[in-house]
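K.L.:
Chains as they are written, first to last, in the UniProt record's numbering: chain Z, 1 to 249; chain V, 1 to 253.
Treat the hints as calculated values from the structure; they're not laboratory data.
Check before you lean on any hint, since a few could be wrong.
[Claimed, not checked] Here are the computed distance ranges between Cβ atoms for each label pair:
1. Gly-93/V <-> Pro-179/Z: 38 to 44 angstroms
2. Asp-66/Z <-> Pro-112/V: 54 to 60 angstroms
3. Pro-112/V <-> Gln-132/Z: 56 to 62 angstroms
4. Val-107/V <-> Ala-116/Z: 33 to 39 angstroms
5. Lys-89/V <-> Tyr-10/Z: 45 to 51 angstroms
6. Leu-15/V <-> Tyr-10/Z: 44 to 50 angstroms
[Said to hold, decoys possible] Residues from chain Z that face chain V, not an exhaustive set, calculated with beta carbons under 7 angstroms:
7. Gly-104
8. Phe-106
9. His-110
10. Pro-111
11. Ala-114
Note that CB positions come from ideal geometry on N, CA and C, so glycine has one too.
What follows is the residue order along each chain.
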Amino acid sequence: MIEFQDVTVYYPKSNEPALSHINLTFQQGEFVCVLGPSGAGKSTMIRTVNALQPVTAGNIFIDGQDLDNWTSLEKRQWRSRTGMIFQHFHLIPRLSVEQNVLTGLFGYKHPMAAFAGVFSQSEKKKARSILQQVGLGEMAERRVEWLSGGQKQRVGVARALMQEPDVFLGDEPVASLDPGTAQSIFALLKDVHVRNDLTTIINVHDVALARSFATRIVGLSHGKVIFDGKPDELTESGLEHIYGTVLQA
Amino acid sequence: MSWFRKRVWLYAVLLGLFTWWSMGKTEFEVSSFQEFSNAYSFIHDRFLPASWEILPTLIDPILVTLAVAFLGTFIALLIALPLSFAAAKNTAGNRLFYYFNRFFLSVLRSVPEIVFGLIFVVVLGLGPFPAVMAILLHNIGVLGKLISELIEAADAGPQEAMQSVGAGRRIGNLFSILPQIWPNVLSHYFYRFEVAIRTSLILGFIGGGGIGQKLFNDFNSFNYTAVTVEVLLIMLLVIIVDLFGAFVRKRVI
Ligand SMILES: Nc1ncnc2c1ncn2[C@@H]1O[C@H](COP(=O)(O)OP(=O)(O)OP(=O)(O)O)[C@@H](O)[C@H]1O
Ligand SMILES: [Mg+2]
Numbered sequence: 001m002i003e004f005q006d007v008t009v010y011y012p013k014s015n016e017p018a019l020s021h022i023n024l025t026f027q028q029g030e031f032v033c034v035l036g037p038s039g040a041g042k043s044t045m046i047r048t049v050n051a052l053q054p055v056t057a058g059n060i061f062i063d064g065q066d067l068d069n070w071t072s073l074e075k076r077q078w079r080s081r082t083g084m085i086f087q088h089f090h091l092i093p094r095l096s097v098e099q100n101v102l103t104g105l106f107g108y109k110h111p112m113a114a115f116a117g118v119f120s121q122s123e124k125k126k127a128r129s130i131l132q133q134v135g136l137g138e139m140a141e142r143r144v145e146w147l148s149g150g151q152k153q154r155v156g157v158a159r160a161l162m163q164e165p166d167v168f169l170g171d172e173p174v175a176s177l178d179p180g181t182a183q184s185i186f187a188l189l190k191d192v193h194v195r196n197d198l199t200t201i202i203n204v205h206d207v208a209l210a211r212s213f214a215t216r217i218v219g220l221s222h223g224k225v226i227f228d229g230k231p232d233e234l235t236e237s238g239l240e241h242i243y244g245t246v247l248q249a
Numbered sequence: 001m002s003w004f005r006k007r008v009w010l011y012a013v014l015l016g017l018f019t020w021w022s023m024g025k026t027e028f029e030v031s032s033f034q035e036f037s038n039a040y041s042f043i044h045d046r047f048l049p050a051s052w053e054i055l056p057t058l059i060d061p062i063l064v065t066l067a068v069a070f071l072g073t074f075i076a077l078l079i080a081l082p083l084s085f086a087a088a089k090n091t092a093g094n095r096l097f098y099y100f101n102r103f104f105l106s107v108l109r110s111v112p113e114i115v116f117g118l119i120f121v122v123v124l125g126l127g128p129f130p131a132v133m134a135i136l137l138h139n140i141g142v143l144g145k146l147i148s149e150l151i152e153a154a155d156a157g158p159q160e161a162m163q164s165v166g167a168g169r170r171i172g173n174l175f176s177i178l179p180q181i182w183p184n185v186l187s188h189y190f191y192r193f194e195v196a197i198r199t200s201l202i203l204g205f206i207g208g209g210g211i212g213q214k215l216f217n218d219f220n221s222f223n224y225t226a227v228t229v230e231v232l233l234i235m236l237l238v239i240i241v242d243l244f245g246a247f248v249r250k251r252v253i
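Just need the whole structure built from these sequences, with the hints factored in.
P.N.:
Below, the structure is given as structure tokens:
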């Protein structure tokens, strides 16, 4: 369970908060899509969950424990249980698909073992079976630069799965993909979500995708939660409320 | 409309003045260009025909030069690589540590090889070893600066990805940045290797061994036809290193 209590985030040298008094609770097994116009604070919120972004005020509780009280090592351990995928994939160039997937284990590896690329047979086997699961079984040896956008994001998903995460985060993971590919990546995320009983929180721009895959939608605008409910509770006027405020500003 | 802001004209005038001043300081005179025809006859009469028969005696000195340039720059690369992560804003971790390393690198860089060479020739004695040390120290500074700038310009995305899988800072930085900058690191390295060949010639002039020392001795004893062979051999070495660098870069891209 992930609990936001009155969370506010200011970036340095900024007078406007990127997040302002956020109160949200995410339960195990939820598939949450976060909607909101550009600059609403979606990326900021995702990044506070795995402590990539410190909060200015308020608290985030992970299974009842205050993230703020954790040492940097404990935060690292939390990140290693949190899979994250990105709009621009953020794969490591020059490495193969399989090598990229194995970097998902870096949170658990001794630095020397990571540096030397020492992975056990079972770890390699697991990487292969995850690649099979995301539909890249034949591509393990391929260098990641040569993949299509959709394939790259599948590698991103595989890397995150390698972590055996409890939580899955996505920062606009399909924003650079065509609609068909975006649909298939969401189907994969849903499949992964159900199989591993994850808490999934994903930023999207595509409202239709959010409606068809999410169990819950959160609408952000100007750093504030202005919608929180089931997909079928999100009406046209609710949508206008999320996206319209920025047009008036 | 004008493409240039008014201030550009001021800069142009200042640049013109500085050029004129520099010409005065360096006794730069267009009329002296006539003297260049003398250079032609000087070379034609005194440097040719080349005494190719000395070639066998040059094999060892040119190999010494190659070894000096390689060893000096290669060890410098090994030291500069980790150091440049400590001297890049996005990977140093600590502000003070970053400034300290930057400063350290610029100190190394600001001392020319010839100065290191003069010191080491006295301290360590004549021969190629002081030349290696001189090239080594200066190139730690140069490669450290160049590589740390590559690190700072690297895409931050993979770094964030490594952070988010929970990787340690060092391993995360290494894996997210080194693959991105590797071809450019090699480019810089081979260029510095090539420069080091020329530098080791100058270091030969002050007793640093290799073909530079041969060249200097032959020049001072008016043995110009030998100098011709030595110069051609050096050019050949530089070209070979350049071609080899191009080959290696092509393989890693
Ligand atoms: N590193 C930063 N430094 C300063 N301000 C920032 C930084 N990152 C984001 N901001 C500001 O914080 C606010 C929220 O940004 P955020 O990136 O979270 O929005 P977003 O909803 O993800 O937008 P987008 O849809 O464009 O990705 C914006 O006003 C943005 O300008
Ligand atoms: Mg964003």
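K.L.:
The structure should be examined with respect to each hint, and the outcome stated for every one.
P.N.:
Hint check:
no.: 1; hint: Gly-93/V <-> Pro-179/Z: 38 to 44 angstroms; in the structure: holds (42 angstroms)
no.: 2; hint: Asp-66/Z <-> Pro-112/V: 54 to 60 angstroms; in the structure: holds (57 angstroms)
no.: 3; hint: Pro-112/V <-> Gln-132/Z: 56 to 62 angstroms; in the structure: holds (59 angstroms)
no.: 4; hint: Val-107/V <-> Ala-116/Z: 33 to 39 angstroms; in the structure: holds (34 angstroms)
no.: 5; hint: Lys-89/V <-> Tyr-10/Z: 45 to 51 angstroms; in the structure: violated (22 angstroms)
no.: 6; hint: Leu-15/V <-> Tyr-10/Z: 44 to 50 angstroms; in the structure: holds (46 angstroms)
no.: 7; hint: Gly-104; in the structure: holds (5 angstroms)
no.: 8; hint: Phe-106; in the structure: holds (4 angstroms)
no.: 9; hint: His-110; in the structure: violated (9 angstroms)
no.: 10; hint: Pro-111; in the structure: holds (5 angstroms)
no.: 11; hint: Ala-114; in the structure: holds (5 angstroms)
Figure legend: structure checked against the earlier numbered hints; hints not met, in rising order: 5, 9.
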